[in-house]
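One letter stands for each residue in the lines below.
There are 2 protein chains.
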Amino acid sequence: MSLKGKRMAFLIGPAFQDEEGTEPKKYLVSKGAEVVYVGPQKTVYRGKYGRAKVRVDKTFGEVMPSEFDAVVIPGGSAPEHLRVEEAAVNFVRGFMKLDRPLAAICHGPQMLISADSLKGRTITCYQGIRDDVKLAGANYVDEPVVVDRNLITSRKPSDIPMFNEAIYAALKPKD
Amino acid sequence: MSLKGKRMAFLIGPAFQDEEGTEPKKYLVSKGAEVVYVGPQKTVYRGKYGRAKVRVDKTFGEVMPSEFDAVVIPGGSAPEHLRVEEAAVNFVRGFMKLDRPLAAICHGPQMLISADSLKGRTITCYQGIRDDVKLAGANYVDEPVVVDRNLITSRKPSDIPMFNEAIYAALKPKD
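Sequences listed follow chains E and Y, in order. Quick note on my numbering: the first sequence kicks off at 10 and runs consecutively. Quick note on my numbering: the second sequence kicks off at 10 and runs consecutively.
So that you can see chain E by itself, here it is in the shape it has in the complex (with noise of 0.2 Å):
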């Protein structure tokens, strides 16, 4: 089944996780949908540890996230570079109002900490920054790929495949 008519935003900033930043939009657009990378700035973003580019097809300024159908949060050092801009905290606080799928990587959960959106939830996250969303009112379980309501989180990059299932699973029509 396809994701045709999805569209996608991927929140991006300068040393995000290579991997994590642009595999799962592989998966994603093979599948059909439209992905949007989103950052603070319309510049090229390299990843972490060289391996990948991405440039920023829209600012935070010029989006809603209303115009989103499901949110990719990838990890490395991005999410501390968006986390304290507030257009991007913003964005994501509103995104969560509408209960869409938003699926989160391992520090791609720094950004839900920011938008005070983790109290009750149940997620995963890359182990170093367990005791950050504890502290948010989380409840951290140690899991590939854990799926809450509309949240969906994995811990790092070899959980990519489980994570991509999980977003196609949460998007793609039902039978």
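The set of hints was computed from the structure by calculation and includes no laboratory data. Fair warning: there could be bad hints in the mix.
Note that identical chains are pooled: a pair holds if it fits in a single copy or bridges any two copies.
[Said to hold, decoys possible] As a list, the in silico EDC-like pairs of lysine to aspartate or glutamate whose alpha-carbon atoms are at most 20 Å apart:
| id | residue 1 | residue 2 |
| --- | --- | --- |
| 1 | LYS165 | GLU94 |
| 2 | LYS62 | ASP157 |
| 3 | LYS183 | GLU43 |
| 4 | LYS181 | GLU43 |
| 5 | LYS51 | ASP151 |
Quantities reported herein were computed from a predicted structural model and do not represent experimental measurements.
Using the hints provided, position chain Y relative to the given structure of chain E.
Showing chain Y alone in chain E's frame:
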């Protein structure tokens, strides 16, 4: 005035911030202090930018908090590795009970979050983790160096000179 006879632990791990892991050591050794690199394994760790290498002198299993007059926690990605090591977190928690100078820069305060040592304390840190230290109960301020009783904190590599001076001031013999 010399720091002769003062013994300091630098908590080190993979991908430490290169200058934060090495410049304060050079300064403190030049003042007469003894600096011991304490890490999770007896190995050589590289800085995240490849500009520095550090050999671990002692593992956390080989030291006691009371052996040290002060502790320094450099930033980079090392604190995210150390904070998931129970022995490292216990070391910090134990050292905090001694009320001796503990200095953390950049991502260093992530260790203090995991050691539950920030409630009611005024600190600074890398801005990308400011929301995490607030959720851990700290009063976050954006200053080059902040001293609150035994805690000395700074934000980033360019704060190192002021960070060094604050550590020296906390350790030097009183007039």
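Now the hints, each set against the structure:
1. Taking the shortest alpha-carbon separations for LYS165 and GLU94, only the inter-copy value of 18 Å comes in at or below 20 Å, while the best intra-copy value is 24 Å.
2. For a Cα distance limit of 20 Å, the shortest separation of LYS62 from ASP157 qualifies neither inside one copy, at 31 Å, nor across copies, at 42 Å.
3. Proximity of LYS183 and GLU43 under a CA criterion of 20 Å is satisfied intra-copy only: 19 Å inside one chain copy versus 66 Å between copies.
4. Proximity of LYS181 to GLU43 under the C-alpha cut-off of 20 Å is restricted to the intra-copy arrangement: shortest distance 13 Å within a copy versus 61 Å between copies.
5. Taking the closest pair of Cα atoms, LYS51 and ASP151 never come within 20 Å of each other, the shortest separation being 35 Å inside a single copy and 28 Å across copies.
When each numbered hint is compared with the structure, violations occur for hints 2, 5.
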